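Trainee: Sequential numbering from 662 applies to the sequence shown in the working numbering.
Think of the hints as simulated: they come from the structure by calculation, not from any bench.
For clarity, every value in this text was computed on a predicted model and none was experimentally measured.
Accuracy of the hints is not assured; some may be wrong.
Claimed, not checked - Here are the simulated lysine to aspartate or glutamate pairs, EDC-like style, with alpha carbons at most 20 angstroms apart:
#1 K737 with D807
#2 K809 with E730
#3 K711 with D745
#4 K737 with E727
#5 K809 with D721
#6 K711 with E727
#7 K705 with D799
#8 K705 with D807
#9 K809 with E727
#10 K711 with D721
#11 K705 with D721
#12 K705 with D745
#13 K729 with D745
#14 K729 with D807
#15 K711 with D696
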Amino acid sequence: MPRGIVLVVTALALSVAAYAQSSATASCAQVNGYDRCNHAAFVKLLARAKTISVATQPYDRNGQRELKELVSRLGKKLAAAHGDLVFRLLRANPGNGVYFGPNDRALASLRVYSRGSLVWVERFTGQPGVPWPTVVYDTIRQFQADTK
662 MPRGIVLVVT ALALSVAAYA QSSATASCAQ VNGYDRCNHA AFVKLLARAK TISVATQPYD
722 RNGQRELKEL VSRLGKKLAA AHGDLVFRLL RANPGNGVYF GPNDRALASL RVYSRGSLVW
782 VERFTGQPGV PWPTVVYDTI RQFQADTK
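Given the sequences, and given the hints that come with them, work out the whole structure.
Mentor: Next comes the structure, spelled out in structure tokens:
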């Protein structure tokens with residue numbers, strides 16, 4: 662086999678292996694009830710991603726629009742179904758009972774998946790009763806600040 666072809670094949674194999682290895686390290690694990698994610702690996706994965714699909718749970722038109730705008734600001738293409746990454750914005754369960762005190766509670770989380778695996782969780786906390794559009798805006802703003 663000519664030497665040039667061997668070098669090209671070797672370089673291609675190394676780049677594929679490096680991509681697979683780096684995406685494998687971008688993951689989250691639960692530690693003491695909290696998701697701990699590999700920030701450096703996620704930032705690299707986000708930079709390499711070309712397409713992102715979005716979802717909100719429960720479905721929310723405003724949240725969908727805000728996520729689509731985020732995808733655009735990140736310089737990525739919006740994917741209809743399964744992109745390189747999936748951004749899912751979830752409303753936190755408010756719980757039952759009466760709320761007392763100044764402590765913040767979980768209001769939302771932005772979960773990012775790659776190939777079905779959770780690779781990033783952005784939690785937003787605040788006082789109960791904050792309007793949902795404000796929670797969506799602040800969660801996305803916090804995500805942008807944390808992933809620079």
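Trainee: Quickly compare the C-alpha distance for K809 and E730 to 20 angstroms and report which way the hint goes.
Mentor: holds, 17 angstroms
Trainee: Mind checking the alpha carbons of K729 and D807 for me, to see if they're no more than 20 angstroms apart?
Mentor: Holds. K729 to D807 sits at ~18 angstroms (cutoff 20 angstroms).
Trainee: Take the C-alpha atoms of K809 and E727, compute the straight-line distance between them, and say whether it is at most 20 angstroms.
Mentor: holds, 18 angstroms
Trainee: Going straight from one Cα to the other, do K705 and D721 come out at no more than 20 angstroms?
Mentor: violated, 29 angstroms
Trainee: Under the criterion that the straight-line Cα-Cα distance not exceed 20 angstroms, is the pair K711, D721 satisfied?
Mentor: Since the Cα atoms of K711 and D721 sit roughly 24 angstroms apart, the hinted pair is violated (cutoff 20 angstroms).
Trainee: Please work out if K705 and D807 have their alpha carbons no farther apart than 20 angstroms.
Mentor: holds, 13 angstroms
Trainee: Please verify whether K711 and E727 have alpha carbons no more than 20 angstroms apart.
Mentor: Holds, at roughly 19 angstroms.
Trainee: Holds or violated: K711 with D745, Cα cutoff 20 angstroms?
Mentor: It holds: about 7 angstroms lies between the C-alpha atoms, which stays within 20 angstroms.
Trainee: Hint check: K705 vs D745, CA-CA at most 20 angstroms. Holds or violated?
Mentor: holds, 13 angstroms
Trainee: Please work out if K711 and D696 have their alpha carbons no farther apart than 20 angstroms.
Mentor: The hint is violated at about 25 angstroms.
Trainee: Need the status of pair K729, D745: alpha-carbon distance at most 20 angstroms?
Mentor: holds, 15 angstroms
Trainee: Mind checking the alpha carbons of K737 and E727 for me, to see if they're no more than 20 angstroms apart?
Mentor: holds, 14 angstroms
Going through the hint list in order, the structure does not satisfy hints 5, 7, 10, 11, 15.
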